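*Asks:* Single-letter residue listing:
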Amino acid sequence: MLYPFDGYGWDSLPKQQDLLIKNATVWTNEKEGSLEGTDVLVKAGKITKIGKNLSADGAKVIDGAGKYLTPGIIDEHSHIAAFSINEGAQSVTSEVRIADNLNPEDISIYRQLAGGVTSSHILHGSANTIGGQTQLIKLRWGADDEGLKFKNWDPFIKFALGENVKRTTSQTNNRFPDTRMGVEEVLMDAFTRASDYQKQRKAAPNAVRRDLELDALVEIMEHKRFITCHSYVQSEITELMRVAEKFGFRVNTFTHILEGYKVADKMKEHGANVSTFSDWWAYKVEVTDAIAYNAAIMQKVGLNVCINSDDAEQARHLNQEAAKSVKYGGMSEEDAFKMVTLNPAKALHVADRVGSIKEGKDADLVLWSDNPLSIYAKPEKTIVDGIVYFDLDHDALLRKNIAAERNRLIQKLVGEKRTGNPMAPATPSFHVELSCGDHDHHDGLLTIDESEGDDQNENAAVINANK
Amino acid sequence: MKRSIYIKAVLALSLFATATARAQDDVYPAKSYKGKLFITGGTIHVGNGQVIEGGSIEVDNGKIVRVGAGLTPASDAKVVDAKGKQIYPGLILPVTDLGLKEIGSGVRGSNDFQEIGDIDPSIRSIVAYNTDSKVINTLKSNGILLAGITPQGGTISGSSTVVQLDAWNWEDAAYKMDNAIHVNLPTFMTRPRRGGGGGGRFAGTQPPTDPTKEALAKINEIKTFFREAKAYLAEPAHKETNLKFESVKGLFSKQQKLFVHGDQLKQMLVAIDFVKEFNFDVTIVGGSESWLIADLLKQNKISVILQQTNALPTTEDDDYDQPFKTPAILQKAGVLFAINDEHEETRYRNLMFNAGVAAAHGLTKEQALQAITLNSARILGVDDRTGSLEAGKDANIVISAGDILDMRTSLIEHAFIQGREVGLDNKQTQLYHRYLTKYGL
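Sequence order for the protein chains is A and B.
For the first sequence, my numbering gives the first residue as 240, with consecutive numbering after it.
For the second sequence, my numbering gives the first residue as 399, with consecutive numbering after it.
No lab work stands behind these hints, which were simulated from the structure alone.
Every value quoted in this text rests on a predicted model; they were computed, and no experiment measured them.
For each residue, glycine too, the CB sits at the ideal point set by N, CA and C.
Check each hint, because a few of them may be wrong.
Unchecked claim - Some, not all, of what chain B presents toward chain A, calculated at C-beta under 7 Å:
1. L710
2. T713
3. R745
4. S808
With the sequences and hints as input, model every part of the structure.
*Replies:* This is the structure:
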């Protein structure tokens, strides 16, 4: 049995170990900043001690000399490890939950561990103004769907604005809304219904039928569920903030937010976090004013800024994405790296447990071969809860095993063929890459975008628009 | 009268000032510069693997005259102090729809990269190349100074042209006209159609036909076209002129290259046929699986343009870093290869970082640089004029504050195309300044 059943799966589930990483350059993300020649002791999945010349005290020693130890990368916007992403039939689907369809066998989990990612916020797609409930996971490769979930976490929900919601790429859209004017109306209508429902339920809890869609919206108004909203242009950003203020809540995070730099002051006043792409632009009209300096400006204005992937490939080098703000806008290396670690932890309300190297926090750590913002840096070990889930040496062993197994299967096929028995031709098995959607993907030959191969009929146009 | 002249002068000055710093998108191509130029004191990365510390480059009338340490500038030379800086050849984006596609999604009117039809060799990308594309200046400011503008439609898409990125119009831009003919090889795999199962999974995806048989039939059509073209071109005179056959004349005379687009191993094996039967100069564009047959490619003198280093592996069982290390495998086998950037959302400005990733996975930094400069120039057929900092070549030069392959230090301070210093402003730097102004930063 393998966990999961895959060439890169485990023979048996990896166990938590006490670890002592010795003599590394430790990027703490705390006020101590970067500490050279420092040891970090991990016990029972937590960081218990940071200092020089720590005693191993029975812990397994990992030599960190010449290497860099950082907190694990946290991706604020991801679509891996799920069987489906978009419930696109209506513009309000607050009742659906990513948590109900996690896919713990997605190879992206392993590949992203190899890129230093330890937590990912798995979001619903962007086809709807009010999308589904999201799920924060830790990349515990080998665990089942329940095992992936980040425990004791504030629930979130995905919202979206702009072209994806109004189905811009569809030639035949007949689903309301078709404009940004309509998007505001959808929001006003949904929260008005939710307010009425809230009052009625309070007045007579047993007389009003429970509505799962409105329950989620009431949770938002009662500050028990938090919004991360796909958004690009300044008009729609302001519009959502004003709707939220009317109903007494705030937008927790604006995600993508490529025109965020235009209304950074307004978002700061509202109290939102922001999560953006480093240098994406000009792939559709609503991103033609996107600039690579966006993160730097928003940070200078005082916002909590994250860099997210929204892409199974890009998530493998979020450290490089963060480094682009050193180039574009002159951000310090420390601040840039926080955009993919501590800042998303804050935006996701889990900074008390992850996002920095601090005694008492979860041992979600990455040991890098080089300065983590350098393009030459490679994660050598990625640790979640004190368990080494990715290890360059172990990876080398798996490659050998896979090559041997491939050879064994080929020899078996050749042997079968020699018997003269009828044989079926080999057919490729495709890996489906899900996404939120508004962009092209750079998948390998045997991966396929969710929307690929759709017929160009009306329904397919809808699916395409919300990919 | 005097007063009005004065006002005009002030206006002109202030216009110029805003153009270089914080105006709307009004970045001008540079004026031609025929004089002498002397870049001194930097680390020169020649592009052929050689590095010269504390070297200088002398330029006259747009051409590099001398490169080396211990040179002194002529008295009339414009001197550029590059002390402590890194000097590189202008980077080359070898295959791109730059200037043909402004906004890919939802704005059909801005797209001219894909023509209708199947066998379209006489289509010429250059005539649709829009020098006013807002994307171009964001490449130039990252050190990318030349690009291969490529059509994408049908099976034979037409010809690409190499352009330099600082021009008023496409005739100014053209650096080497119609350098290559582009062929899209048919797939040997049937991609699944969406099944009824929903949920993002594919059900009922059995291929309706035999993909290999279909692909081979299509390949036969391509070969038939070239055989007929060859026969036509061998005729001393033609009763009727055939534009399609005429357009591939350069392939047979080796004035043009054949760029074969494909990632699959079987497609690349077909590319070898084009060498063997027609004796074309063949380059594979794509080549995800090229590492599997590197020796075979080397034997047949087939070069490769790798589209994207930061990419996902082909199959689930592939090494997680296979796309990162494919360049190093080709290098080791002696295959001539270049690295490209076809990323649709960052719009091709991360070319040097695709090379940087390859340098982190087996290439030396100079080899990685060569994969985006001299190798690209060789493959495109412009290495007699650019791709390295050597005497006799065009002064296509980039000066960076630090290592151009690493995000943290890839800060372009000067760029020269044919000796003229080109502007590094673009729509994004202008919006940056606009909003720094708004917030008083």
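*Asks:* When the hints from earlier in the document are held up against this structure, which numbers fail?
*Replies:* Violated hints: none; all satisfied.
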